[in-house]
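Asker: Here the protein sequences line up with chains E and L, keeping their order.
Note that the working numbering numbers the first sequence so that position 419 is 420, with each residue one more than the last.
Note that the working numbering numbers the second sequence so that position 42 is 168, with each residue one more than the last.
Keep in mind the hints are simulated off the structure, nothing from the lab.
There could be a bad hint or two in this list.
[To be verified] With a straight-line Cα cutoff of 25 Å, these simulated DSS-like cross-link-like pairs (lysine-lysine) come out:
hint, chain 1, residue 1, chain 2, residue 2
1, L, K174, E, K296
2, L, K174, L, K271
3, L, K129, L, K252
4, L, K190, E, K307
5, L, K168, L, K138
6, L, K190, L, K138
[As the list claims (entries may be wrong)] Among chain E residues calculated to face chain L with C-beta under 10 Å, some are:
hint, residue
7, G168
8, S169
9, D180
10, I182
11, I228
12, H231
Note that the structure is a prediction, hence the values are computed from the model and not measured.
Positions of the beta carbon are idealized from the N, C-alpha and C atoms, including for glycine.
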Amino acid sequence: MDSQDIGNIQLEGEVAGDRISRIRKITQNFFLHIHSTRIHPDNLKPTYTFGLGITLGFLLLILILTGVVLMMYYTPSVERAYQSVKDIVFVVPGGRLIRNIHRWASHGMVFVLFLHLARVFYTGAYLKSRRLNWIIGVSMLVVTLFLSFSGYLLPWDQLAYWAVTIGSNIAASARELTDLIGITSGFDVGGFMKRILIGGETVGQPALSRFFTLHVIFLPLTLLILIGVHFWRIRKDGGLSRPGNPESNLDDQPGSEGRIYTWPTVLWAELAILLSVSAILLIIAFVVDAPLLEKANPAFAENPAKSPWYFLGIQELVSYSAFSGGVLIPLLFLVFLISIPFIDREKQYTGVWFSGRQGLRITFYSLAVSLIVTLALLFVIVQFGWLRDWFPGMSQAVVMLINPATLSMLFYILWSRWVRIRTGSTRMASIALFTASLAGLVLFTAMGIWFRGPNWEFFWSRSDWPVI
Amino acid sequence: MMKETRRSFIRKGASIFAVAAGGVAIITLLRQLVPRMIGQKKRVKVGKSSIFPVDTFTYVDEHKIYIYRDHEGVKAVSAVCTHLGCILEIDEDGFICPCHGSSYDRSGEVLSGPAPRALSWFRVSKAPDGQLVIDMTRQVKPDTKFLTT
């Protein structure tokens with residue numbers, strides 16, 4: 002806001018002085034002027050944004066602060082990493098709490114990120130000029146997942162070692178494809194990806210050094226830059242999305258009556274969120290300790306070797322086929338996410354939850370059919386096994402292409418096509434595909450978290466696991 | 127076509143030079159990420175054959191292989207799952223992977239699960255000092271034995 006705009010506002014007596022001081026509080030402050038001086042009341046509605054974006058910002062802030070503290074004691078060396086993490090937990094005053102906060106904040110960040118993604122999707126906040134910001138948001142999702150994954154190796158315990166061994170071999174699983182065509186010896190994409198990632202054939206010191214560098218410098222810096230662009234785009238797109246046409250009525254322009262002053266109203270709301278986030282994290286960190294198993298032993302695999310919960314959906318998928326579950330389907334899902342604003346251009350739906358009643362109905366149907374079909378596939382594979390159990394010696398190509406992962410994905414796509422034909426709306430088709438695949442992801446993840454035990458066999462509960 | 131002036135020539139030349147220099151710099155930086163030697167596959171000594179129990183698979187944890195010895199000879203098979211690299215355990219049928227449940231028979235052929243390939247068998251020989259040598263750079267047919275008798 003420049004001085005000319007201030008001059009245009011009707012100023013009278015004390016109230017006017019108050020207005021100017023409120024505006025100046027924002028514009029004259031380096032940190033606060035990330036905000037516009039006034040915002041539309043709809044944007045403060047708790048049931049519109051649920052404060053998810055700002056929660057993510059605060060979680061990242063907490064992660065950076067605790068991460069810097071942890072870095073003072075952590076040593077990224079195969080010989081000493083595990084001991085240094087133990088020192089953080091048992092020797093450093095408050096170290097256990099800091100580590101717990103760091104761990105749970107990272108889990109929280111992934112969780113809230115998916116909620117934020119869903120919120121932005123279901124309110125149609127990716128339409129028109131917000132297309133670019135949606136893509137930036139999806140990129141931030143990927144960066145955040147890699148941040149979590151790289152941080153997971155650092156304690157160098159059994160869980161870390163084997164989760165990353167699995168992860169690095171997923172990177173190499175394009176070999177399944179090149180093996181089928183018979184070109185692996187000359188054109189080994191998978192092996193190349195793996196070597197880039199961990200600097201060797203197995204997880205060792207080069208992998209730890211690489212993951213440390215990625216985790217403390219490269220990825221956080223990338224994320225911060227993306228956040229800068231993300232916030233800048235929100236301002237450029239006329240503030241948060243809402244019904245109507247916010248672009249024609251930019252927040253900083255005069256004549257926008259009924260706007261709320263950022264200082265102090267919005268800042269109070271943000272402070273409340275910061276305090277709630279801190280309080281919740283503190284409570285969890287006091288009560289639940291971040292896991293630390295015995296030191297990594299490359300000679301014996303942890304059984305079961307489970308990744309953090311948000312990767313267990315993918316781990317369930319790779320238990321059908323490494324390439325289709327670990328590379329093909331996640332990539333297709335990302336391509337779908339990025340392409341949403343290009344497939345769907347029905348801009349009348351901006352700012353309305355589920356795009357109204359029809360969208361809500363489609364969401365429910367998609368949720369229901371996706372859960373039923375995915376559950377049915379899971380039931381078959383758990384109860385009756387899959388192709389190799391029925392036809393021993395089944396070729397790898399068939400196992401790779403026909404499994405519960407690819408079949409469910411195919412079904413979600415067909416379902417979305419059908420919705421597209423029935424409703425004639427790209428928005429409804431997007432809702433169908435987004436809901437169905439997210440529901441599938443949740444179901445596969447739940448399967449991985451709660452119902453898989455040693456040898457990745459199915460168990461109703463953890464107490465049924467065999468004692469080894 | 128526009129007449130080439132000294133200024134436009136220098137501008138073009140400088141742009142080409144800048145792009146080339148930038149490209150070389152980026153390639154050099156990226157090349158750093160793939161080391162020349164990652165020394166993994168190699169020939170290893172695992173000790174004399176007499177240290178291995180007869181008629182059973184013995185795990186050599188340093189090299190992630192199983193050695194099988196019987197009264198005829200010795201054979202060596204990889205203990206790394208071809209699916210995602212976990213260490214296989216022995217069960218009644220052969221081998222089973224703790225990570226995603228791939229199972230193999232005693233010849234390393236895939237029985238069930240997501241494993242894309244059969245297990246690799248390695249060439250076994252004997253060094254002058256009497257120790258067995260497992261050559262992990264040379265794969266052999268399943269169940270190929272090095273005859274010790």
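Asker: Taking the hints in turn, state whether each one holds.
Answerer: Each hint, compared with the structure:
no.: 1; hint: L/K174 - E/K296; verdict: violated (31 Å)
no.: 2; hint: L/K174 - L/K271; verdict: holds (15 Å)
no.: 3; hint: L/K129 - L/K252; verdict: violated (77 Å)
no.: 4; hint: L/K190 - E/K307; verdict: holds (21 Å)
no.: 5; hint: L/K168 - L/K138; verdict: violated (52 Å)
no.: 6; hint: L/K190 - L/K138; verdict: violated (58 Å)
no.: 7; hint: G168; verdict: holds (8 Å)
no.: 8; hint: S169; verdict: holds (8 Å)
no.: 9; hint: D180; verdict: holds (7 Å)
no.: 10; hint: I182; verdict: violated (13 Å)
no.: 11; hint: I228; verdict: violated (25 Å)
no.: 12; hint: H231; verdict: violated (26 Å)
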